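S.K.: So you can see what is in the structure, the chains are spelled out below.
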Amino acid sequence: MIILVETPAGFALFKVKDEGKLANIEDLAKEFETPDSARKIVKLKAFDKFDNTSEALEAVVKLHEGTPSKGLRKFLKANCEGETLAVADSKLGNVIKEKLKIDCVHNNAVMELLRGVRSQFTELLSGLGDQDMAPMRLGLSHSLARYKLKFSSDKVDTMIIQAIGLLDDLDKELNTYAMRVREWYGWHFPELAKIISDNILYAKSVKLMGNRINAAKLDFSEILSEEIEADLKEAAVISMGTEVSDLDLLHIRELCDQVLSLSEYRAQLYDYLKSRMNTVAPNLTALVGELVGARLISHGGSLLNLSKQPGSTVQILGAEKALFRALKTKHATPKYGLIYHASVVGQAAPKHKGKISRSLAAKAALAIRFDALGDGQDNTMGLENRAKLEARLRNLEGKDLGRLSGSAKGKPKIEVYDKDKKKGSGGLITPAKTYNAAADSLLGQTPAKSEDGEESSKKKDKKKKKKVEEEEEAEKEEPSKKKKKKKVEEEEEAEKEEPSKKKKKKKAEAETEVVEVAKEEKKNKKKRKHEEEETTETPAKKKDKKEKKKKNKD
Amino acid sequence: MTHPQRRRGGGGRGRGLATGGGGSAVRGRGSESGGGIKGGGKVLVAPHRHAGVFIAKSKGDALVTKNLVPGEIIYDEKRIFVQNEDRSTVEYRVWNPHRSKLAAAINIGVDNIWIKPGLKVLYLGASSGYSVSHVSDIVGHEGCVYAVEHSHICGSDLVNMTEKRTNVIPIIEDARHPAKYRMLVGMVDIILCDINQPDQATIIATNASYFLKPGGHFMITISANSIDSKLSAETVYQKEVEKLQMEELKPTEILPLDNCEGDHACVFGGYRLPRKQNS
Chain V
1 MIILVETPAG FALFKVKDEG KLANIEDLAK EFETPDSARK IVKLKAFDKF DNTSEALEAV
61 VKLHEGTPSK GLRKFLKANC EGETLAVADS KLGNVIKEKL KIDCVHNNAV MELLRGVRSQ
121 FTELLSGLGD QDMAPMRLGL SHSLARYKLK FSSDKVDTMI IQAIGLLDDL DKELNTYAMR
181 VREWYGWHFP ELAKIISDNI LYAKSVKLMG NRINAAKLDF SEILSEEIEA DLKEAAVISM
241 GTEVSDLDLL HIRELCDQVL SLSEYRAQLY DYLKSRMNTV APNLTALVGE LVGARLISHG
301 GSLLNLSKQP GSTVQILGAE KALFRALKTK HATPKYGLIY HASVVGQAAP KHKGKISRSL
361 AAKAALAIRF DALGDGQDNT MGLENRAKLE ARLRNLEGKD LGRLSGSAKG KPKIEVYDKD
421 KKKGSGGLIT PAKTYNAAAD SLLGQTPAKS EDGEESSKKK DKKKKKKVEE EEEAEKEEPS
481 KKKKKKKVEE EEEAEKEEPS KKKKKKKAEA ETEVVEVAKE EKKNKKKRKH EEEETTETPA
541 KKKDKKEKKK KNKD
Chain G
1 MTHPQRRRGG GGRGRGLATG GGGSAVRGRG SESGGGIKGG GKVLVAPHRH AGVFIAKSKG
61 DALVTKNLVP GEIIYDEKRI FVQNEDRSTV EYRVWNPHRS KLAAAINIGV DNIWIKPGLK
121 VLYLGASSGY SVSHVSDIVG HEGCVYAVEH SHICGSDLVN MTEKRTNVIP IIEDARHPAK
181 YRMLVGMVDI ILCDINQPDQ ATIIATNASY FLKPGGHFMI TISANSIDSK LSAETVYQKE
241 VEKLQMEELK PTEILPLDNC EGDHACVFGG YRLPRKQNS
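In order, the protein sequence lines correspond to chains V and G.
First residue of the first sequence: 1, per the UniProt record's numbering; consecutive thereafter.
First residue of the second sequence: 1, per the UniProt record's numbering; consecutive thereafter.
Hints were generated in silico from the structure; no laboratory data involved.
No experiment lies behind these values; they were computed from the predicted model shown.
Please note that a few of the clues may not be correct.
To be verified - Heads up, incomplete: computed chain V residues facing chain G, CB under 10 angstroms, no partners named:
1. Glu6
2. Thr34
3. Ser37
4. Asp89
5. Leu100
6. Thr122
7. Val416
8. Tyr417
9. Leu442
10. Leu443
What the hints assert, rightly or not - Cut-off 30 angstroms, straight-line C-alpha distance, at most; resulting in silico cross-link-like pairs (DSBU-like, lysine-lysine):
11. V:Lys321 <-> G:Lys78
12. G:Lys164 <-> V:Lys49
13. G:Lys243 <-> V:Lys308
14. G:Lys164 <-> V:Lys43
15. V:Lys49 <-> G:Lys243
16. G:Lys243 <-> V:Lys150
17. V:Lys99 <-> V:Lys49
18. V:Lys97 <-> V:Lys21
19. V:Lys91 <-> G:Lys164
20. V:Lys17 <-> G:Lys180
Every residue, glycine too, gets a C-beta built ideally from N, C-alpha and C.
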């Protein structure tokens, strides 16, 4: 009987010398306790080594599927004629029996035998020590694990991080070299630096002409526009730079070559980065663009790390210094970090940049998670979200326009600004509205409570209206936000509590509010109403109020 | 019972705390104090009763293992640095008993964890590799840890961890079919099982029949709710123990883990322990 043992190094076939011993399974284990006694039971017949890790991986994967690989089949055919083969996997045994016509066996005795062989493996397999086996084992296990996890080398984000780092480095280098060219050549032809502002064009021109004397003869039309060319040729004649030798010019030209080749490489690298970004994180790219996406990934350390961050973090990634400084000194925190350079944020008007940056960060966080942890390879999700964001941007801008053009709902007519107008409130655009007592409704004024009830309900209506309007309006200043919150709270509380308490709160609110002319006409109206009511309040009611106050305090 | 401390000399990895024998907290010998945890408090690192494990004594005691790959941490565990006599620093990683059931068992005071430097360990249910990393610290470079984990998400974390630690072999397979990873694993001395499946007794038994050497040991964590949520915890533990005994896995210690997580227990035991010879 021959036994097949699979190892990370290759396939081994052992011949069982004494088949009688197999009958006694319990004692079999004892036989394998020492290498010598083990050698009495089995002998190495043949060993088929794997050439490299990829061959090993292939063979093992095939075994998982239950079929012998080509190498294994050849090996078995060569060595197993006429013998029964003991295998560890009965399915494999069946397949071998079918395909290779070799009888296979799998039972407890076989398992024990395998245990024994495995325990004395290094001894039985002369020529392959544990040290040799270990790296093969490690290599095979890692390849197998990667294969299982469907590790795709395309989706590695390390490339992105390195590429963007290199891009930044290249830019710096390019700038340094270009400045050096200008300085160096400026010794010979100083005016050129002012004529040509772009670094690459400068280098190209220098490369073309070398000594400025040649400028008049040469044609710069491929590099420069006509006017600049004309300026150049003029300046070349009257230049006050010194002469330089040909050797010097040679070196300057070499430096120009360097600059040009670096800039070419930078363009190539940028293309590479774009293609990689589209493979690794297509949704993020669709949403913020390649460069910003790559910077975000690089800042986060890896795509997976980035996916663990909430949207609020994504919003201010890159502005940590400002963020923590603001947190420490209790100032306003920054509204955007790296995400500021995304095109969607760039398109927004300055006062909407904050909002768009927040919405963009939220969607970007989703896109990052989709790319890092999801299975999809396309960027449909990113494109959809981008469309949503652009719609939101248009909405924001639309609201702005809407407010400027004014709505009919009782808003004041905005008068043309005239700085010399002395009548009214001077420099104010619209005069402060005063309370129009004639517009008061005087229904049911005498019974105190019913007055309360009615006016409180009116107030409720007005409040609701105002709430709705305020929701529509853009929220800029914090004080207004706070007021709104107060009002919301009051709305809720008012539904539970009595009207008098509500009045009290309003009084308090009215006192704390600072008069803001542009928006607060309604509030002013209410204020006046309060004051009016106070004057019309009967002393009896006041007493009631005080009592209720006391009760509420308790 | 053999005293595990006696075997500490093996390996000679310059732990900086090697004492002659029966060592307790090393104070008098050379400069052991080093900064490290939280604001440079003085920390003393002493070897634990179990070989390869250490205790860091400062304001509170912490279980630590010597970092096999200095400078690398798995998630965000704290590290303790101790200065040696020859000015070299030894790095230890803190082992959190809330995250690792093995650490919880050691803290409660199990007699013998059976894991020693230089041994080969099969760890079923390796998850992201947190406990595996500590076991790998204990067994050192001569030993080997085969980490089996079925889930792909944890598996990729595991593979990332093992890229730095060369004594851990990642196996992304279902532990129910040890035949599928038979070509990667040799014979092991210990099986650690932390899989929380209702058929875990069978799983560990199959794996033992493939890979565990006779006279080897095992540790299995039983989560009573994962096996059978209707029965009481003690009943579940008892049933599991019976199942194990039928498969030649003889339990020597049953340790309820009450201070860390609810209704969990650790069972330590031996496999095919040599019967006393009647001569």
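S.K.: Do the numbers back the hint for Leu100 (chain V), that is, is its least Cβ distance to chain G under 10 angstroms?
M.R.: 19 angstroms, violated
S.K.: Hint Thr122 (chain V) vs chain G: min CB-CB distance below 10 angstroms?
M.R.: 9 angstroms, holds
S.K.: Taking only the CA atoms, is the gap from Lys17 (chain V) to Lys180 (chain G) under or equal to 30 angstroms?
M.R.: 28 angstroms, holds
S.K.: Take a quick look at whether Lys49 (chain V) and Lys243 (chain G) sit within 30 angstroms of each other, Cα to Cα.
M.R.: Violated, because 41 angstroms separates the two Cα atoms, which is more than 30 angstroms.
S.K.: Taking the closest Cβ pair, is Glu6 (chain V) under 10 angstroms from chain G?
M.R.: Holds, because the Cβ-Cβ distance from Glu6 (chain V) to chain G comes to roughly 4 angstroms (cut-off 10 angstroms).
S.K.: Please verify whether Lys243 (chain G) and Lys308 (chain V) have alpha carbons no more than 30 angstroms apart.
M.R.: Cα-Cα ~42 angstroms, so violated.
S.K.: What's the verdict on Lys164 (chain G) and Lys43 (chain V), does the C-alpha distance respect the 30 angstroms limit or exceed it?
M.R.: Answer violated: Lys164 (chain G) to Lys43 (chain V) is near 38 angstroms, above 30 angstroms.
S.K.: Is the Cα-Cα distance between Lys243 (chain G) and Lys150 (chain V) 30 angstroms or less?
M.R.: Status violated; Cα separation ~37 angstroms.
S.K.: Given the hint that Lys91 (chain V) pairs with Lys164 (chain G), test it: the Cα-Cα distance must not exceed 30 angstroms.
M.R.: 36 angstroms, violated
S.K.: Report holds or violated for the interface hint on Val416 (chain V), using the least CB-CB distance to chain G and a cut-off of 10 angstroms.
M.R.: With Cβ-Cβ at 64 angstroms, over 10 angstroms, it is violated.
S.K.: Under 10 angstroms is the threshold here; is the Cβ of Thr34 (chain V) close enough to any Cβ of chain G for the hint to stand?
M.R.: This hint is violated: Thr34 (chain V) lies away from chain G, its Cβ roughly 13 angstroms from the closest one there, beyond 10 angstroms.
S.K.: Quick check on the hint: Asp89 (chain V) CB to chain G CB, less than 10 angstroms?
M.R.: 5 angstroms, holds
In this structure, the earlier hints numbered 2, 3, 5, 7, 8, 9, 10, 13, 14, 15, 16, 19 are contradicted, and the remaining ones agree with it.
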